[in-house]
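Listed in order, the protein sequences are those of chains C and B.
Using our numbering, the final residue of the first sequence is 464, and nothing's skipped along the way.
Using our numbering, the final residue of the second sequence is 464, and nothing's skipped along the way.
Read the hints as simulated data drawn from the structure, not as lab findings.
Worth double-checking, as some hints may not be accurate.
If several chains are the same, the list does not tell them apart, and a pair holds so long as it fits within one copy or across any two.
Taking lysine-lysine and the DSS-like style, the derived pairs with C-alpha atoms no more than 27 Å apart in a straight line are [claimed, not checked]:
| no. | residue 1 | residue 2 |
| --- | --- | --- |
| 1 | Lys237 | Lys56 |
| 2 | Lys206 | Lys298 |
| 3 | Lys48 | Lys27 |
| 4 | Lys362 | Lys206 |
| 5 | Lys237 | Lys210 |
| 6 | Lys301 | Lys56 |
| 7 | Lys154 | Lys210 |
| 8 | Lys206 | Lys443 |
| 9 | Lys27 | Lys393 |
| 10 | Lys48 | Lys427 |
| 11 | Lys210 | Lys151 |
| 12 | Lys428 | Lys363 |
| 13 | Lys56 | Lys443 |
| 14 | Lys427 | Lys447 |
| 15 | Lys48 | Lys3 |
| 16 | Lys56 | Lys447 |
| 17 | Lys27 | Lys254 |
| 18 | Lys210 | Lys428 |
| 19 | Lys3 | Lys427 |
| 20 | Lys237 | Lys154 |
| 21 | Lys210 | Lys56 |
| 22 | Lys237 | Lys428 |
| 23 | Lys301 | Lys428 |
2 protein chains.
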Amino acid sequence: MNEFELYNFNPVTPEIVKQLEAIVGEKYVIFDDVESLEQYSKDEVPDPAYRTMPEAVVRPSNKEEIAEIVKLANRENVPLTPRGAGSGLSGGCVPCCKGIVISIDRMNKIIEIDRENMMIVVEPGVVANDINEHLEGTGLFYAGYPMSVETCYIAGNVAENAGGGKAIKYGVTARYVLGLEVVTPTGDIIELGGKLVKNVTGYNLVQLMVGSEGTLGIFTKIILKLIPRPTLQADLLCLFNSSDEAISMVPKIITEGGIIPTSVEFMDKLSVQAGCEYLNESLPYQNCGAMLLISVDGNDAEELEEQYITIGKFCKEGGATEVYVADNSSTSERIWSVRRNIAEAFNLISKRQCNEDIVVPPAQIPEAIMFLEQISKKYGIIIPCFGHAGDGNIHARVTCPEDWSDEKWHDSVPLILGEIYAMLRRTGGMLSGEHGIGHKRKKYMDQVVSPEYLALLKGIKKTFDPNNIMNPGKIFDMV
Amino acid sequence: MNEFELYNFNPVTPEIVKQLEAIVGEKYVIFDDVESLEQYSKDEVPDPAYRTMPEAVVRPSNKEEIAEIVKLANRENVPLTPRGAGSGLSGGCVPCCKGIVISIDRMNKIIEIDRENMMIVVEPGVVANDINEHLEGTGLFYAGYPMSVETCYIAGNVAENAGGGKAIKYGVTARYVLGLEVVTPTGDIIELGGKLVKNVTGYNLVQLMVGSEGTLGIFTKIILKLIPRPTLQADLLCLFNSSDEAISMVPKIITEGGIIPTSVEFMDKLSVQAGCEYLNESLPYQNCGAMLLISVDGNDAEELEEQYITIGKFCKEGGATEVYVADNSSTSERIWSVRRNIAEAFNLISKRQCNEDIVVPPAQIPEAIMFLEQISKKYGIIIPCFGHAGDGNIHARVTCPEDWSDEKWHDSVPLILGEIYAMLRRTGGMLSGEHGIGHKRKKYMDQVVSPEYLALLKGIKKTFDPNNIMNPGKIFDMV
């Protein structure tokens, strides 16, 4: 039974569309237009099975309009799915119960740069990258750096608690969210937190909202903490003969070296190749066995140099065949561009993929990578791996061989994932480090979390959303 | 109506005590012994109005015993109040509904130091300071540093989301809590999070638990993140003629200087004097108008020196009469000791005090301090101020003049606090930055938060604790 059948929602009628038009203006409602609606049916999950056409799309311009739409949805028993840039990887913004998609793309203003408090106040539809562009010259920066930084919206980053390339040093999105204005699933407009770096006035609903995948409300204003922008950065590209060698460097650098790099990105052979091919890049290293992209930043040139020399030395001792240092921004950008585009590159190679986002204790990464290699041999498939090795978070692309039938693929996926998730249970890992559960992983939740935990999540959802109209069918089902 | 009358709890009968004894052993239950029970009736709130005698105290040694006790409390409709070291400042561990106090003092083991993952696993009753003592020689440290670090338990730090002296650079307790084992208010034992630096598998209940003041469960195991211990630290003691001058330095250092100090502690004239007198310290600076204690840490001696020279220069330019540098640990400890003991010093001076824990946007600290000075003049009282100026978090001790009657004091407190809280609303501040709401501040909650927010808190509480037996009467009342 799919979600649409599971819940007894009403269809979006022309009468409801009229009400939507009355709220936001005719121009900002899409209905009865397959071509226009189709782009709201998906995110970056390659498998077409995770697409659903919305019945209508509405594009409000302010919180009052959103509150009205939410009240309408409750009144009419129609599901709402909030949508950012659609760059997610777990189907979080896909309207799996049909109904209305509520797009925040028109709410894209930087409201305030508050230099004295080192904060920025933004609307939800601001592109993540634009934040740092607006901060140019202030000496401040926002530390969030998801790989989709050039397209994703900040509200999506908050809703998914995006991680990204700098989390090992700067933490994930959650650390920077100080305040939220939210339209609740019942249509109230509430303020949570504020321009406060500390606050224990009641339960921490700001942090409950972060990572709640659009199931507990729609963000209409976001207050982010900024930090002084480091003036210097250097990137090291370290080539290894094997994944094992590369990955075993990670805990060494941090614990023995006492260095917290800004980034420690791992790419296996297949990932490097895919990224290079996609960008039509021809780089000397694209045939290496595995690669680490390690960044350090700071304000003191000597200290920075000392750090990258130490890291380089560790890597050489650990079997690196080459260590390149990129200390200028154009070389850095070339290297990072390969890393940022791997996901997209793989999406083009095959639609028959499961993009897993496993997270384990950081020191268990070598064990996890070895296990994935065993699994790929056992099933005769490839599982390219890349990601944020320093955080224990690896993206593993379980990829269907070209000569497999769809049937064989669909029969094998649950077996393969079952083995991977059993490994996660053994190592203290979890299903997702940064992509979220969404629609795609909810059926596997009970393999790693307890029924008591799930019951608490559902209780919280019920408190916020008694009619289950806000992004239903995500993370868990209300049954 | 007090909490005991508000809720229809049953008394703790000798039969219930027998059941408690059967769970933990006779030796670990206190009943019918006023002298022994009395020490569990209070925390560090000086006002005796915030004390309540428990009917019984139970001291379990493991999670299974706690789960049994919780189930018993549900069955018998008797309230439970979890208690750490009793060093709190909002009445959080005071059994305001009578019933059973559950003390975690026997669960005080360091379970594991995991150097590879840079984490430590501890039982809830470990004294915060002991964590870093155990880490001596590992190159790692736990960044939490509440002022009660020598006595407080880590579970209390987590329950209150303790801030402390290093939050400006390292963040508050929340940032370091990666995993929790919790006995829920219904007696289930659940694991939340784990040895994971990133995790978006379901709502972030770890962060919901942090700061929930013992109302959503009892922590039985805590996984904390560690960071590389900086090898160098320097403390600057900067004396000023006035609070204004001192406080206006804070945003300057951070935004203009681009320096995030480890600590920026502010003490006004009265606070410095009280701290010195309490310790019988005779220091050259105890008659200054106000003082900033600023620490910086790192691994590079030159960078550190550059930082404290810059800070010293800013302070001198801003009117500092003296800037002392303490770069050895014994001088540092002497200075910090004064700061850590201010709260205790004031507690001895008068029981008729309100220890406020206001938090405002950091840049609004000068405005808040000026306002408090106006208020103290208006009412003819003193309001010594000290605290974590860098975080926007100030402890303001509203102190009753000796010649006021109790009646005049009790009539004036709501008026004075009403004005202070109105200022908080105007500046975007909140009631508490790190001490919590507890029993003491709940009646003021509706002055700063919305009814919709409070309703969500109550809904969450109901989900976790349908019978309202876990630390009832704290943060809000379930009515």
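Check each numbered hint from earlier against the structure, then list the numbers of those it violates in ascending order. Violated hints: 1, 2, 4, 6, 10, 17, 18, 19, 21, 22 and 23; rest satisfied.
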